[in-house]
Each structure stands twice: as C-alpha cells, then as structure tokens.
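Counting in the UniProt record's numbering, the sequence shown runs from 1 upward without gaps.
Take the hints with a grain of salt, since some may be wrong.
Claimed, not checked - With a straight-line Cα cutoff of 30 Å, these simulated DSBU-like cross-link-like pairs (lysine-lysine) come out:
1. Lys83 to Lys279
2. Lys279 to Lys95
3. Lys83 to Lys95
4. Lys30 to Lys85
5. Lys201 to Lys282
In short, the hints are calculated from the structure, not lab data.
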Amino acid sequence: MTAISAPNTNPAQATMPADWRDFFALTKPKVMRLVVFTALCGLLAAPGSIHPVIGFTAILCIALAAGGAGALNQWWEADIDAKMKRTAGRPLPMKALRRQDARDFGLVLSGFSVMTMGLAVHWLAAAVLAFSVFFYAVIYTMWLKPRTPQNIVIGGAAGAFPPLIGWIAVTGEITLMPVLLFAIIFMWTPPHFWALALWAKPDYAAANIPMMPNVAGEASTRRQILVYSALLLPLAGTPWFIGGTGAIYGVSALALSAVFLALSVPVGTRRAVEDDRMKPEKRLFAFSILYLFALFAALVVDRMVLA
C-alpha cells in the first residue's frame, strides 16, 4: 500500500514562463473531447427540450469542470507523471509552470463551472457535476489510484458522469435511462484502460502505481478484460430492451459491442506475448474509443428519428 502525502509545491519548481498552452494542456483536451461528446449526446437524447443557450452553457460547464479536474489530477500527480514516458511531457514534469498555479487553475475552473451550472441551468445538475469533480480529483486520484489495482474499476465512475449530467440538465431528474448510460461507460472503462495498461506496464511499474497488470499479473488482467467486454454487450443493449430507444440504437449497440467482444478475445486468451508490439491490445484500445463515440452517436440519431 502506498502512503499518500501532499505534493511538493515549491514556487521555484517552474523554470520557464507559463504559456496559455501549458494551462490548456492541464485540462487534458484529448480526454475532454470524449467528455464533451458524451455529455452532448446525453443532453440531445434526453426527452423534452432545453433552450439552446442554456444547453450550450450546460455543456460548457461540463467541459470546464472536466478541465478543472484534469488540472487537479496533474497537480497531485506531477511527481508520478515525471516517471512515466507517456506523461513526462506534460507541463508540470517539464517545469513549464508552478505546481500551485496548476492547483489554483483547477480549483477556479471547477468552482466556476459548478456555480454557473447551478445559476444558469439548475442545482441538481450542479450538484452531480460537483460530485464528479470531487470523485475524480479526490476519490480516484488521491485515494484509489495509489492504493488499489481496482482503481480503474471504481474510478471508472468519474468518466461515466457526463451523459448523466447532460440528461439531467434537460429533464431536471435522475431516471433509469441516464443511469444506464452511466453504467455503460462504467463497464466500458476497465477493458478500455487495461488494454492500455498492458502495454504501458513498465511505465506504471516505474511510477509505483498498482495497476492491475502490475499487481494481479497479465493473465488475470486479460481474463478480466474478456469478462467485462462480455458483460458490456447485454448492458449496452439494455436501453433498447426496456423500450428507452429504438432499433437504430439497439442494433448499433449490439453490433458495436459484438466487435468489441471479438477484439477482446485475442487479448483475453493470450497466454504468452511473442513480441513487445502488443498489436491485439492496441487494436482493442483504439477501437474502444471509436466504440464509445459511435455508440453515443447512434443514441442521438435514434432520438432524432423517433422525435
């Protein structure tokens, strides 16, 4: 078990003037694209209507909150990021800005987004948004990630909030359909991230992060990827099974999930890695991103056809 201690915030840490691009990089823009897209899909697929300006404000608040949470994540993990090849080029390991500036930037973005959501949309959406930031920045980043190989399983909830919040922004209530959208992303996260963790295993070992392949071993991780992928297939189809969507979403969900499962089979059943290229794992990881975009796009198209 790794003890958690407050990160060093020495003002002298930065060795060059901060640039706006450094602050933008703190928001994890690549991750934010998926956050914004799934939130927008949740908003567009929800029953009822929302004024375009209020809808835009809701999506903007979700994006800013995600950016703030990303900045807080990088503030806390700057020492860890410096040890990993995949993250060593981020602004804080590169000493492009002061660590406490990243912290303050994250707090301001998060606080502003929650307050704006509450005042411009409604306070239920703001409350869920605030909890999503707290979950990612505190529960996942500070507590789960350095302590347990189940960090991604439980922490997957952090990335599952956007469509739920988008839906709530329109309806003002939490019902079964947005909870199912949340559950789909929650179930998708472990095979998506473990596919990455298998070929980034040396990075996590160098940073002493207890990712599943490093702690439970590759064989166990591969089996779990297969199990989660198999469970994702019926779960993704559930909105159609309960009558919450039409056939456009239902057929798309089953077809996409079947491909996802098919790509997970060579990953889950591999007993020995003949080389270090990890082609099946990289294929699964790449498709998993496309999968989520396509699945939620089908949800919106289905809603527009039925409207």
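These are the hints, each one checked on the structure:
{"no.": "1", "hint": "Lys83 to Lys279", "in the structure": "25 Å, holds"}
{"no.": "2", "hint": "Lys279 to Lys95", "in the structure": "34 Å, violated"}
{"no.": "3", "hint": "Lys83 to Lys95", "in the structure": "14 Å, holds"}
{"no.": "4", "hint": "Lys30 to Lys85", "in the structure": "17 Å, holds"}
{"no.": "5", "hint": "Lys201 to Lys282", "in the structure": "13 Å, holds"}
Violated hint for the displayed structure: number 2, the only one.
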